[in-house]
Every structure is written in C-alpha cells, then in structure tokens.
Amino acid sequence: MPVEIPKDTWTGAVREVTIGATAAEGGTRATTVTIGGATTMPFMHFEGSIPHRPVIAVEIVNHRPDDWSHLLLDAWGDAANDPAAWAKAAEQAGADLIQLSLNQTGADGNPITPESAVTATKAVLEASGLPLLVFAPGQAELDNELLVPIAEATKGERIVLGIAEDKNYRTIVAAALANDHLVSARTAMDVNLAKQLNILIGDMGLPLDRVIMDPTTGALGYGIEYGYSVMERLRLAALQGDAMTQLPMLVTAGYETWKTKEAKVGEGVPQEWGDWTARAINWEVVTAVALLESGADIVVLRHPESIARVRAAIDELMAVPAAG
Amino acid sequence: MAKHIVTFTGYRTLHVPTGTLLSEAAQMADIEIQQPCGGQGRCGRCVVQVTNGTVRRRSTLRLTPEDVGAGYALACQTIVEHDVTIAIPPQEKIERRLATDRIASDVTAPLGYTPLGQPLHRLPLDLPPPSMSDQTDDWSRLQTALRQQTGVDSFRIDLPLLRRAGRIMREGEWQVTALVETDTWDRLDGPARVVALWPGHVPDDEPLWTVAIDIGTTTVTLWLVDLLTGRVRAQAAEYNAQIARGEDVISRIIYATKNSGSTELRNLVLETINTLLERACKIVQIAPEEVFKATVSGNSTMMHLLLDIPAESIRLSPFITAVNHVPTLLAEDVGVAIYPHATVDCLPGVASYVGADITAGVLSSGLDDAEPVTLFLDVGTNGEIVLGNREWLATVACSAGPAFEGAGVLHGMRATQGAIEETWINGESFDTSFRVIGGTKPRGICGSGLISLVAEMFLTGVIDKSGNIDLDLPTARVRYGTHGPEYVVAWGDETHDGRDIVISRTDIDNLLRAKAAIYAGFTVLADSVGVPLETVEQVYIGGSFGKYINVEKAVQIGLLPDMPWDRFHFLGNTSVRGAYLALLSREDRARIADIASRMTYIELSADNTFFDAFTSALFLPHTDLARFPTVQAAIQR
Chain Y
45 MPVEIPKDTW
55 TGAVREVTIG
65 ATAAEGGTRA
75 TTVTIGGATT
85 MPFMHFEGSI
95 PHRPVIAVEI
105 VNHRPDDWSH
115 LLLDAWGDAA
125 NDPAAWAKAA
135 EQAGADLIQL
145 SLNQTGADGN
155 PITPESAVTA
165 TKAVLEASGL
175 PLLVFAPGQA
185 ELDNELLVPI
195 AEATKGERIV
205 LGIAEDKNYR
215 TIVAAALAND
225 HLVSARTAMD
235 VNLAKQLNIL
245 IGDMGLPLDR
255 VIMDPTTGAL
265 GYGIEYGYSV
275 MERLRLAALQ
285 GDAMTQLPML
295 VTAGYETWKT
305 KEAKVGEGVP
315 QEWGDWTARA
325 INWEVVTAVA
335 LLESGADIVV
345 LRHPESIARV
355 RAAIDELMAV
365 PAAG
Chain E
3 MAKHIVTFTG
13 YRTLHVPTGT
23 LLSEAAQMAD
33 IEIQQPCGGQ
43 GRCGRCVVQV
53 TNGTVRRRST
63 LRLTPEDVGA
73 GYALACQTIV
83 EHDVTIAIPP
93 QEKIERRLAT
103 DRIASDVTAP
113 LGYTPLGQPL
123 HRLPLDLPPP
133 SMSDQTDDWS
143 RLQTALRQQT
153 GVDSFRIDLP
163 LLRRAGRIMR
173 EGEWQVTALV
183 ETDTWDRLDG
193 PARVVALWPG
203 HVPDDEPLWT
213 VAIDIGTTTV
223 TLWLVDLLTG
233 RVRAQAAEYN
243 AQIARGEDVI
253 SRIIYATKNS
263 GSTELRNLVL
273 ETINTLLERA
283 CKIVQIAPEE
293 VFKATVSGNS
303 TMMHLLLDIP
313 AESIRLSPFI
323 TAVNHVPTLL
333 AEDVGVAIYP
343 HATVDCLPGV
353 ASYVGADITA
363 GVLSSGLDDA
373 EPVTLFLDVG
383 TNGEIVLGNR
393 EWLATVACSA
403 GPAFEGAGVL
413 HGMRATQGAI
423 EETWINGESF
433 DTSFRVIGGT
443 KPRGICGSGL
453 ISLVAEMFLT
463 GVIDKSGNID
473 LDLPTARVRY
483 GTHGPEYVVA
493 WGDETHDGRD
503 IVISRTDIDN
513 LLRAKAAIYA
523 GFTVLADSVG
533 VPLETVEQVY
543 IGGSFGKYIN
553 VEKAVQIGLL
563 PDMPWDRFHF
573 LGNTSVRGAY
583 LALLSREDRA
593 RIADIASRMT
603 YIELSADNTF
613 FDAFTSALFL
623 PHTDLARFPT
633 VQAAIQR
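Chains as they are written, first to last, in our numbering: chain Y, 45 to 368; chain E, 3 to 639.
Derived by calculation from the structure, the hints in this document are not laboratory data.
Built from N, CA and C at the ideal position, the CB exists for glycine as well.
Wrong hints could be hidden among the right ones.
To be verified - The following residues of chain E were derived to be distant from chain Y, with all beta-carbon distances above 10 Å:
| hint | residue |
| --- | --- |
| 1 | E26 |
| 2 | P162 |
| 3 | K467 |
| 4 | N470 |
As the list claims (entries may be wrong) - Some chain Y residues close to chain E (C-beta under 8 Å, calculated; not the full set):
| hint | residue |
| --- | --- |
| 5 | D111 |
| 6 | H114 |
| 7 | L115 |
| 8 | E209 |
| 9 | D210 |
| 10 | K211 |
| 11 | K239 |
| 12 | Q240 |
| 13 | I243 |
| 14 | V330 |
Based on the provided sequences and hints, a complete structural model is requested.
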C-alpha cells in the first residue's frame, strides 16, 4: 500500500540574505554566502524548497582568549595568538564564514581601543577571503565606539555587525545603513521580542534582507529545548507569512557549549562521562545539529573538529532523497 | 502671484499669496493660535471657522463632517486660495468641542431614591413616662414604642448603648430619637438592632451620615453619603499608606506574613481611611462618630489585610481566600473610626484575584444587565476585566502595577490639583504644552497625563516602539539623567517647586508593562470565551483616572483596543460607586452577591497564553500592528 506523506502548504518564505561582497560588488571577499530562502520547515525537502544550505561560522577572537578552554586553544595552536592567522586556519578547517569576537581588553591587557579593533578587523579581512561577522563585547557604549569606526573602515564589505539588542540597536543599525553592512539582532528566547527588534530595525530604514536574527539558545542540557521551541515557532510564523519573522537565524552553538560543565571540566567528573575532548566536541556537535534541525541558518562553532562533523551532518541533511 | 484678502473677524484684514496656510496668515495678523502639536494636524487645537469664502483643506482630522459643513477647519492644514473671512473661536469652546475626552459621569442619587426602603431608620419616639402605676423598665419601654412605630417584633441592643439608654431617655424627658437597623444582608430577618439613641427629636431634615469606602491597592477613596437624600456630600481620596510596604498585592501579602507585618498593614490602611474620614467629615462639619454605616469595597487582599485575616493562601496555589462573603461587622471591631457600633459591610468577592472591587464595579456599570456583549475594565494596580452581558460573565485579573494611578513613576501623582493630565508634544521642536488640573503650575503627572505623554512621545519619535528615548534628538529635553535616559516634560521655571518634571526610561517601562498586562488580559479573556474583541459593542472603563481618560491616547499606546471611540464609556471609580449603590439599596446589595456567584473566573497562570499575549503587547502600540489600524495610519502621517 503506498504511503502518502502529508504535506503542509506554506504561503511565506525565509528572506534570502547575502553576507560579504566581492570586488565586483564593492567589497574584497573571494566569495559571498547566501542563506535563507526556505519555503518549508528545516530539511523537509519533499514539501518545499531549501535553496541555500545552512552554513558554519567559526569564532575567532582579536587576541588569544585566555578564558577559553585549553582544549580549544590547543586545537588551534599558535594560530589563536593572532586573528589573521586564526582566520586562515579557520578557513582551512572548513569555515564558510569567520566570526570575529572583540574582547573587552586588548592583547596588552588594556581596554580595547577603536583603533586596535579596526586593525584586527582589517587583518582578518586580508588574511581570509571569507565573509565576516564582527561582534563587539556586548557593552552598549563600548560596542558603539568600536563598531562605528569598523563599519566605516570596511565600507561596502557587507560585514554582519553585532550585536544589536533592544536597548542598543540605533548606532549599530545606523552604522550598517551608512556603510553597506548587515546586522545581527539578538533577543532573549522569545518570539515577540525577536519580532519587535526586527520591527525597530526596519523602522530605521535598514532593509530586512540585511538583518539576521539571533534568537539566543542554550547548549544541550542547558535549556536548548526552549531555544529550539522559540526557533521553531519563529520559522512557523515566517512560513505562515509573518514578514517580521522571515529572517535567517544565527545561533552561537560554540559559545553556549563551551560554557557547560561537560565541555569545560575534565577532572572530578564521573568516569562514565568518558574522554574529555571527545565529550566536549560531541557536545558542541550535538548542540549545533539540534539547532540546525530547529531552523538555524548559521551555526557559530569553536572547535576545528566540530566544524568537519557539523559539515558532514549538513551534507546528509541536505541530500535530497531520490523521488519515488 | 495672486493675492487674496483674508479677514479675521474682530482682528485684521490682510493680503496673502495663494497657498498661504491659515495659521501663517493668522501669525501675520498677530493672532495667537495654539498649535501644541507643531502644526502637524494632530491635536485639533488650531481650529478656526471659515464664515465666508472657500478654502482647501489638506487634512480634516479631528473634524466631523458636520464640523466641516459648518466651516470649521484646522488652521495648520488649510490653504488660502480665495478671499475668505475667518472667525477665531474662543479657546474654551475649542476644548469643549474636542470630543475624545471621556468625562466620568457625575454622582447623582439613583432616580426615585427614597430612604424608606433603607434598613437604617431614624425614628422620633414619644415614650410614656414611667410612673408608680407604669413600672415598665426603660428598655422594654423603648422596645414597645419601637414596635408600635415599625411593626417589627423584637429588637436587640448592644451593652454600651444599653448602659446609656436610661439616661438618654430621661435627658430627653421621654422624647428620644432611635436609629434602628432592621436587617443586614446576612441577617435578612433581623433581629432589628437599636444602633443609636439621642435625647429629644432629631430634626427630620438633618442628614443621616453613612460612608462608602473603596480600598484600592494604591488609592483609597471615600464618599460621605446622606442616606436621607441619597446624595454624596463629600469625597476624599489618598494613596493607601500600605504602598510603602509593597506596591502590589503579592508583596503586601509577603510583608504581612513577616513578624507583625499584618498588624502594621492593618494599621496603615486604617490610618488612611480614618484620615480621609476626618477630611470628608470636616467638609460637612460633622464628627466621624456621627457616621452610622459603612460599606467597603476592595480587592480580596485589601479586604483580608483590613480585617487582619491571614492572606497568605491568596498567593499560594490553589489561590484560596479565607473569606469571600464577609459577615457584617461592627466599626469598632474593624477599626474604622465612625460610630463604634455602626455596621461595616464588606462587599463580597469571587476569588483571590477577583474581589469586591470588581463585583461592585460590575454593579455600577450595569454590565450584568446589559443586552450587548460588553467589556468592563477596572484600571487599577490590578487590571480586572469582565466580559459578558445579562446571560454570562467571565473575568480575568492581571497585575498592572500602580503606574496608571501615578505611583511608582518618578514624577507621578494622583489626579488632583497640580497634576498634568494631558500633554502635547510639538513634532518639530519637541517642546511640550500641557493641561494641569486646577490650572496651577504643575507638581507632577497623573495617570491620564502619563498615557497622553507616552502616546505623544511615541507619535513624535521621542521614543521608539520599544520605549527607548532617542537621545540624539535636537532638543535639550532628551538627556541622560540620574535615572538613565529621560525626557523633560516641564522645565523647573514653569513647575510648582522649581524642579524639572521628567519621565524616565524606567517610568516608560513601567507604563508599558502596565498597559501590556491590561491589553493582554483583554485578548486572553476574549479568546478564551471565543468572542472576537472587535465585536464587543461597548467598553466601560473604571479606575482612578480623575475626570478623564483620553481614549485616543489610550488606544495609541495600545492600552485599549482600537475600535470606534463612541464605544468607550468612562465611569470613574466604579468600585466606590458600587459600594455607594450597595449602601443605598438592599436590592443592589443583593445584586452584588448575585454577580459574585455568576462570574466565571479564568486563571491566567494556567498556561503560557497570557505571557505570550503580554510580551506581544509590550510594544507600541503592539507587536502586531494590524490590530491597531488607526494608530498605523497616525504613524504614517
């Protein structure tokens, strides 16, 4: 007896967003990355089209992040000492995008200056041809001080500037608007809050195909189900035609994973937890894949080995089964 | 370019080129026309009347077709293209004509009120003096006379009065006046009680004083009522002194469970009530002890705290009150400083979060007897909402916080003299103009003032849809103050105490949360009974807003649903009005109990629906702009 698979019909689609600009487009990137465009829930190939595969961004920091797990620093080796070298290594490890995080302090331990932030950003752009995301430390005033000169110094590159939040989005959005960049908009795990920030950003005149939303998530075992459910609802609303939810989603799977005890702690944990390195990487990979299943378009990762494994998972999920 | 003759009746005649705005022409003629909104056609304050000739109107917002037919035009939106004659209406007339303010109906005694239906009667009695041949005791003598006068069989008297009764009868030389309470709601068949006794005959037209009290979480209101005429003779209101021990009912309950917290809270609210009582009594020049009955309304927590009945079970699942129908009590036991042996009648509630304030509110709105589906909303610290008609009543309660009563806001105040009750912001200069209650220099901003202020800030771009103040605006009124970003509503040189009156980002957040809670209450209630909000035919609004609530502004911030303004009716403080009605009539008192038994309470904490609706409403006017078409249109203008 033939099995009929029920299909939902959707009226909406996720917006297509292109990150990075090649020389022809006014930037210097070797390639650009386009995400979004889906007309169905994640990987439901039989139901609609998924024109762009989800992508992997790799997080690097403007100077060696001593607060990171040594598992990560060991894996990246000397590359982690220098953002340019790190970007290159990330590209070689299979990144689609580079995500540069700016630490509050510079390499010399003094507070980061706009000049050093611009220098680091430019160095990364020169070292790798991949499109770039630059995330400031997350302190309203400092973020604005750093992101404005970066946006100006890299005009036309279609960088994703982050992180725009409800209480601090104007300056970042204005900088993106004036310099042909994009913004990443973060809200605290709530469908309405995500919509509201998108409306506020749209009200400033930034076209929504230059906005990515970061709905915030938790790692496996740390509230991922809440994040999952919010992302799923956002995607359902988008497919039902709610324009303010039709933006691609970015999730910081690496950042969340490497806060967990399972990834961070190697000693004094039950023996059954097994090998520390393997466990930590598994944790990052499983977190990332779960979030891809809930609709993430960009997953930001930290460990080089996770990159390869998540990429393999994306390959499998994107393989369209033969008809019949 | 062609010039036209513009004649301002009573002022000047001048020549202006085609395309001149009437407001510009008036300025040239040195005529002051108010333009609080900065000439953007929003406020309607610049209305003039074209008495001869024709003009081109760019916008007629705020003018009815009849207005336009009568020649009215907005000076800032009207262009001179021909010779015209213009009349400038006096300012008061403009204020009156603007129809968006809903004024609370005045308190008048119910039609056909008569004291004869009252359980409380003041009876002049002529007692036969005792003698050697009539050895009847004093109390029996009094009872016999009462029996003859009232037809009631038996009477009770309390010991303190019994002790004094004999002397009073002798002092009056066997002419006395007795105050008799034939029944109360919980003793319908009596026995009747002699409440008070005076020597001699009290003149018939001397008022019989009683009091209706509403204990709000934030505001306590008291009406002094003459039972003979049914008229409210004095009113007084003040913040509940309990506020200092917590702004909402939950924090009060928690405070009450600590040490002697419950005693302290009881004393604080009694202090407020008794102060108000004295203030009201002073107005009519009587002593509080001359007040012979009180009805009390208020939410369940306030009622428990007044009576010092443990309230902690209200807060904890399954949210049960100690008592919904409080038996009648004596004033001296409750601690209300009226006549010690007067009856205090606490009105009944429905549940932990639907108290007497809402049953009394439903009574005074007449919702329980309405034909069409009606929404009743009591905007207080708890937003209580009832939807229904004579067939059914459903209710929700949501915690809104005290912002709409002017509390918990930096420069907030009650709607009394000196409160800014309406504000306009000029869309270009971002300067304000405002109306102050009593026409004095402003002291602060009351609830309705805050609503209109937030709406104006939103429409002029001082704040974004999320309430963030735009500090980059070219005006010194936006600034970073000691409490974060703020907007200066009135500069120190124009205020009562010389300090700037501001609204801070935190204040705006409080107001947004308050309005979001109430709007979410509407939507969840309407959804849960399956009535689309837009099909509601009338909306009754109660609350301590003072005289007005500006419906347009309340819709613009998303507090009230976007529907034609004529569906809204502002009733003022419906809780105290309900207490007043219960004081005047046995039938109304019984009806409150009936309302209490008919209401279906919908618990909002049962699932996520309310929270979702709340965050969705935590935006100006709402995350889903399609729910507010008129506001959408206003933003686009």
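Verification of the supplied hints:
{"no.": "1", "hint": "E26", "verdict": "holds (31 Å)"}
{"no.": "2", "hint": "P162", "verdict": "holds (61 Å)"}
{"no.": "3", "hint": "K467", "verdict": "violated (6 Å)"}
{"no.": "4", "hint": "N470", "verdict": "violated (7 Å)"}
{"no.": "5", "hint": "D111", "verdict": "violated (30 Å)"}
{"no.": "6", "hint": "H114", "verdict": "violated (40 Å)"}
{"no.": "7", "hint": "L115", "verdict": "violated (38 Å)"}
{"no.": "8", "hint": "E209", "verdict": "violated (10 Å)"}
{"no.": "9", "hint": "D210", "verdict": "holds (6 Å)"}
{"no.": "10", "hint": "K211", "verdict": "holds (7 Å)"}
{"no.": "11", "hint": "K239", "verdict": "holds (5 Å)"}
{"no.": "12", "hint": "Q240", "verdict": "holds (5 Å)"}
{"no.": "13", "hint": "I243", "verdict": "holds (6 Å)"}
{"no.": "14", "hint": "V330", "verdict": "violated (27 Å)"}
The structure fails hints 3, 4, 5, 6, 7, 8 and 14 (numbered hints given earlier, in ascending order).
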